[in-house]
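Using the sequences and the hints given, assemble the complete structure.
There are 2 protein chains.
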Amino acid sequence: MSEKVKKRTLILDIANHLEVSIATVSLVLNGKAKQSRISDAVAQRVLAYVNEVGYKPNHIAKSLRTGKTHVIGLVVEDISNPFFATVAWMIERQAFERGYRIIYCSTDNNPEKARELLTMFHERHVDGYIIVPSEGIEEEVTNILREHTPTVLFDRFLPNLPTNYVIVDGAQGTYQATLHLLAQGFSRVAFVTTDSVQTQMEARLDGYTKALAEQAMAPKVRRLAVTKDTEKVIADIQEFLQANPEIDALIFSTNYLSIYGLEAIARLKMRIPDDVAVISYDDHDLFRLYTPAITVIAQPIESIARNVIDILLDELKHPHAKDTSLPQQILLQTELVVRQSSIRKKAKTTVVRKKTLHS
Amino acid sequence: MSEKVKKRTLILDIANHLEVSIATVSLVLNGKAKQSRISDAVAQRVLAYVNEVGYKPNHIAKSLRTGKTHVIGLVVEDISNPFFATVAWMIERQAFERGYRIIYCSTDNNPEKARELLTMFHERHVDGYIIVPSEGIEEEVTNILREHTPTVLFDRFLPNLPTNYVIVDGAQGTYQATLHLLAQGFSRVAFVTTDSVQTQMEARLDGYTKALAEQAMAPKVRRLAVTKDTEKVIADIQEFLQANPEIDALIFSTNYLSIYGLEAIARLKMRIPDDVAVISYDDHDLFRLYTPAITVIAQPIESIARNVIDILLDELKHPHAKDTSLPQQILLQTELVVRQSSIRKKAKTTVVRKKTLHS
DNA sequence: ACAATCCACTAAAACCATTTAGGAAGCCTG
DNA sequence: CAGGCTTCCTAAATGGTTTTAGTGGATTGT
Chain A
7 MSEKVKKRTL ILDIANHLEV SIATVSLVLN GKAKQSRISD AVAQRVLAYV NEVGYKPNHI
67 AKSLRTGKTH VIGLVVEDIS NPFFATVAWM IERQAFERGY RIIYCSTDNN PEKARELLTM
127 FHERHVDGYI IVPSEGIEEE VTNILREHTP TVLFDRFLPN LPTNYVIVDG AQGTYQATLH
187 LLAQGFSRVA FVTTDSVQTQ MEARLDGYTK ALAEQAMAPK VRRLAVTKDT EKVIADIQEF
247 LQANPEIDAL IFSTNYLSIY GLEAIARLKM RIPDDVAVIS YDDHDLFRLY TPAITVIAQP
307 IESIARNVID ILLDELKHPH AKDTSLPQQI LLQTELVVRQ SSIRKKAKTT VVRKKTLHS
Chain B
7 MSEKVKKRTL ILDIANHLEV SIATVSLVLN GKAKQSRISD AVAQRVLAYV NEVGYKPNHI
67 AKSLRTGKTH VIGLVVEDIS NPFFATVAWM IERQAFERGY RIIYCSTDNN PEKARELLTM
127 FHERHVDGYI IVPSEGIEEE VTNILREHTP TVLFDRFLPN LPTNYVIVDG AQGTYQATLH
187 LLAQGFSRVA FVTTDSVQTQ MEARLDGYTK ALAEQAMAPK VRRLAVTKDT EKVIADIQEF
247 LQANPEIDAL IFSTNYLSIY GLEAIARLKM RIPDDVAVIS YDDHDLFRLY TPAITVIAQP
307 IESIARNVID ILLDELKHPH AKDTSLPQQI LLQTELVVRQ SSIRKKAKTT VVRKKTLHS
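Top to bottom, those sequences are chains A and B.
The C-terminal residue of the first sequence carries number 365 in my numbering, and the numbering is unbroken.
The C-terminal residue of the second sequence carries number 365 in my numbering, and the numbering is unbroken.
Bear in mind the hints are in silico, worked out from the structure with no lab data behind them.
Same chains, same label: a pair holds when it works inside one copy or across any pair of copies.
Think about it this way: if two alpha-carbon atoms lie no more than 27 Å apart in a straight line, the pair counts; the simulated DSS-like pairs of lysine-lysine are:
1) Lys275 x Lys351
2) Lys119 x Lys62
3) Lys323 x Lys13
4) Lys68 x Lys119
5) Lys119 x Lys323
Written out as structure tokens, the structure is:
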């Protein structure tokens, strides 16, 4: 009956016990003892007792009063993609240490869902946003900017919006990869990408075409519709390879396209790199372990995470007056990690044997 | 100067505009119009206007008042592990549809961190917990149970605590896998696992030893210290294989151990399954695509997620009186997905060739 | 015709903290 | 000794909602 309900300790309990006011306790707890001229003696007493009973202010009440939630909303394309998962994880780590929590969701590149998530974050009063923008969410992002909520985009950006962002120089990456393939003696290098027109994808394509253009070679590009239907994508790649037998090297513009590509190549019983060389944009566990190991254009994941979180936390700490400060826009470099899949075996001989194989 | 600050609409604004009380608006919005005998006419007016101006109640104020945050805390071992990532993602999806948000963090199997996360979730007033318990957090979980916050464990459980949980019959899985290897003619089957004594790991080991015991065969087990140092783990496996050349088949107790194992096997220039057959507990993209494809004991990921979220949401909806209801404890079955890595090629002949290779 | 019941709402407390304006007490100063 | 300064704290407003207890007037019952 007289169930003794162990109530959470409140700031009022602290104040009552110490026979001071609520305000005093709160001020001490928020480090404003000095500026509010609370005597050291009282401050010490408060701290000691708070510590003793392990009182923690109610976060929700605090948020309601201050308008700060200490939560950052993170919107990525697909959290199960190792690239995003790793960046997210690093961001979470950093943020955690500085007292911020991350709440993350995937858009699956669906603008509808992206919009939903953004409004949900807004409703939840997140203090800041980290966004991998899918197409068609300019309006929502504009709204966020208008409210001056700190925001950083990464992986890609929205060309018409003056936002902070951290991106990777994909053009340079694919340019370098293409030259590498040509230097290895592959002469028919094709590029497989998605039908997305997002900035990062266009850049990757540009690097490839630029490299070929410099050699006065014609590009061979296949744009695939991104779809949930794995089999469809694999079949498309198979079809592309069969329709263009002259291709002797492939660059895939994302890690998951590469994985489908490897499957397609395996099904066609083609061999890497003898029948076709392969380079993937963006690394993956699989590529290190695959036989042969797959050459990749690696993105500086750690650096991306660090830059994103630094910019965001900086803005959270120093709320910049409206438009006085320009957005920070950072471009990071890729690294070509050469593995067996793009190395021509034993020079000329191999070429001969390869021709034999084909006949 | 007279910067027009667009204030968020409040329930008070709605009430003023419609010339009704705040209470009326709130009751209508919370579907309590009928039971509070608000006339349909008024209810309609409220709804219409709320819709028109797109008013959304302030979540934080709501939480403060009701004590409900509609947030579920999800603690996994490692969110970058595809198994956990996939389960998390499915749970998130389901929860989202039913109005709950997930906030997740990884413990990296570090009890210290697990405790930190749990108290953080507690401070944030999550409505429910989903936990992959690492060792040594019985006390924290007990605290949670005492407060009657709905909680579900998965992947493993805490034997002494009467909690809900959803686990997989790992013993059955490894038992079946071992028999499969024996049936294929492999006679020296070893088992590589971690030094963890968590329930799920012990079960997997038990299945293996039981299968061998039934054949009156001696088990060969290697327990590896789980460490961040990838190279160390790979080296350990190499060493194990070299020290025990008679081994002709390996079962790894987790997907990441298998990945290290594949690397070790590759470095020793051993061939799968000719020199050693391989089965992994838990599937991974890599295993489908690896050459040869790796046989796995697959966990019913979708079913795990569904059961977890169903149990949790059910408890959230019907707050069970203290201890009237027994915890729900669910055991799901694995599926052996046979791929090339555990299939003996061309019967006897292969054995002979293998011996030659070894000499 | 007077009490009891309904009806359709509303006033105000509660949730738990932060923060500002100001107040009491003691000391100094001229 | 009145007025001004400090020093150290506190009362009360504030944030935005939910929910309980009630209210005033109309209707019904006897």
